[in-house]
Amino acid sequence: GAVVSQHPSRVICKSGTSVKIECRSLDFQATTMFWYRQFPKQSLMLMATSNEGSKATYEQGVEKDKFLINHASLTLSTLTVTSAHPEDSSFYICSATEWTGREPQHFGDGTRLSIL
Amino acid sequence: GQQLNQSPQSMFIQEGEDVSMNCTSSSIFNTWLWYKQDPGEGPVLLIALYKAGELTSNGRLTAQFGITRKDSFLNISASIPSDVGIYFCAGPQPFTGTASKLTFGTGTRLQVTL
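Sequence order for the protein chains is G and E.
The opening position of the first sequence corresponds to residue 1 in our numbering, with each subsequent residue numbered one higher.
The opening position of the second sequence corresponds to residue 1001 in our numbering, with each subsequent residue numbered one higher.
One or more of the hints may lead you astray.
Pairs of lysine to any residue residues, derived as SDA-like cross-links and limited to a Cα-Cα distance of at most 20 Å, are as follows [to be verified]: (1) G:K41 to E:K1070; (2) E:K1101 to G:S83; (3) G:K14 to G:H85; (4) E:K1070 to E:Q1009; (5) E:K1036 to G:S43; (6) E:K1101 to G:E98; (7) E:K1101 to G:H85; (8) G:K55 to G:D109; (9) G:K14 to G:E98; (10) E:K1070 to E:N1022; (11) E:K1101 to G:F91.
Some chain G residues near chain E, calculated using beta-carbon distances under 7 Å [what the hints assert, rightly or not]: (12) V11; (13) I12; (14) C13; (15) D27; (16) S89; (17) I93; (18) P104; (19) G108; (20) G110.
Read the hints as simulated data drawn from the structure, not as lab findings.
Every residue, glycine too, gets a C-beta built ideally from N, C-alpha and C.
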């Protein structure tokens, strides 16, 4: 089945650091990837839609200058949390889909980000 | 915006018992998806439903797409310890395929005791 790889799985860093998270589709081409954030004991909340070759679209309330998204190829999207602060600590999950009309989204294993 | 409410929020059951959970929406969905999330991992798709009234099984799991298109149900028969996790329903924005923005439900946390 379709595999989505996310890296790193865990990051611990100091406040003010910028952190890059990668999302790769390993055996299919993904024209669209999605980035979600999940706080403890809560559901997944969509942050942004990453479109290959064009600008990402962000959900209401998500700062595009804070969460930079780049989707430079059909198999890779990156999320950079710029100047991270403790309130940015969360579980970030990406998903990817090979657009065939009904193909469900396949999710990565997530990145646990902890800002000290 | 759309909201998906899941019930129950959490449940403790004994191994071997059957489990039922549901998901309701304030608006119509044309596709219902059920995912399971284990701790520290991403969600894994269990069942996808595409038509009102559809009943689909995947092993011990059975899900139904409500005829009003505003709800869906997931049943797990003869639960086992590895069924532990959080179960999410999800649906794409109306009149689009699954390759679009998903709204996730509030989740049902399942714990199985021996």
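Quiz item: Was the hint right that I93 (chain G) lines chain E, CB cutoff 7 Å?
Solution: holds (5 Å)
Quiz prompt | Given pair status - N1022 (chain E), K1070 (chain E), alpha carbons within 20 Å | solution = holds (11 Å)
Quiz prompt | Restraint check for K1101 (chain E) with H85 (chain G), where alpha carbons must lie at most 20 Å apart | solution = violated (27 Å)
Quiz prompt | Proposed proximity, S43 (chain G) with K1036 (chain E) (alpha carbon, max 20 Å) | solution = holds (12 Å)
Quiz prompt | Proposed interface contact between S89 (chain G) and chain E, which counts if any beta carbon pair is under 7 Å | solution = At about 15 Å, which exceeds the 7 Å cut-off, the nearest Cβ of chain E leaves the hint on S89 (chain G) violated.
Self-check item: Interface restraint verdict for G110 (chain G) against chain E (beta-carbon cut-off 7 Å)
Solution: Status holds, d = 5 Å.
Quiz item: If you draw a straight line from the CA of K1101 (chain E) to the CA of E98 (chain G), is it 20 Å or shorter?
Solution: OK: K1101 (chain E) and E98 (chain G) at ~14 Å, within 20 Å.
Exercise. Take a quick look at whether K1070 (chain E) and Q1009 (chain E) sit within 20 Å of each other, Cα to Cα.
Key: Cα-Cα ~18 Å, so holds.
Quiz item: Is K14 (chain G) close enough to E98 (chain G), meaning Cα to Cα at most 20 Å?
Solution: Outside the cut-off at roughly 36 Å; violated.
Quiz item: Does the interface hint hold: is I12 (chain G) within less than 7 Å of chain E, judged Cβ to Cβ?
Solution: For I12 (chain G), the interface hint is violated, since the closest Cβ of chain E sits about 15 Å away, which is over 7 Å.
Quiz item: Under the criterion that the straight-line Cα-Cα distance not exceed 20 Å, is the pair K41 (chain G), K1070 (chain E) satisfied?
Solution: At roughly 25 Å apart (the allowed maximum being 20 Å), K1070 (chain E) and K41 (chain G) break the hint.
Exercise. Starting from K55 (chain G), check that the Cα of D109 (chain G) is at most 20 Å away, please.
Key: Given that 20 Å is the threshold and the Cα spacing comes to 24 Å, the pair is violated.
Hint compliance for this structure: hints 1, 2, 7, 8, 9, 12, 13, 14, 15, 16 are broken, all remaining hints hold.
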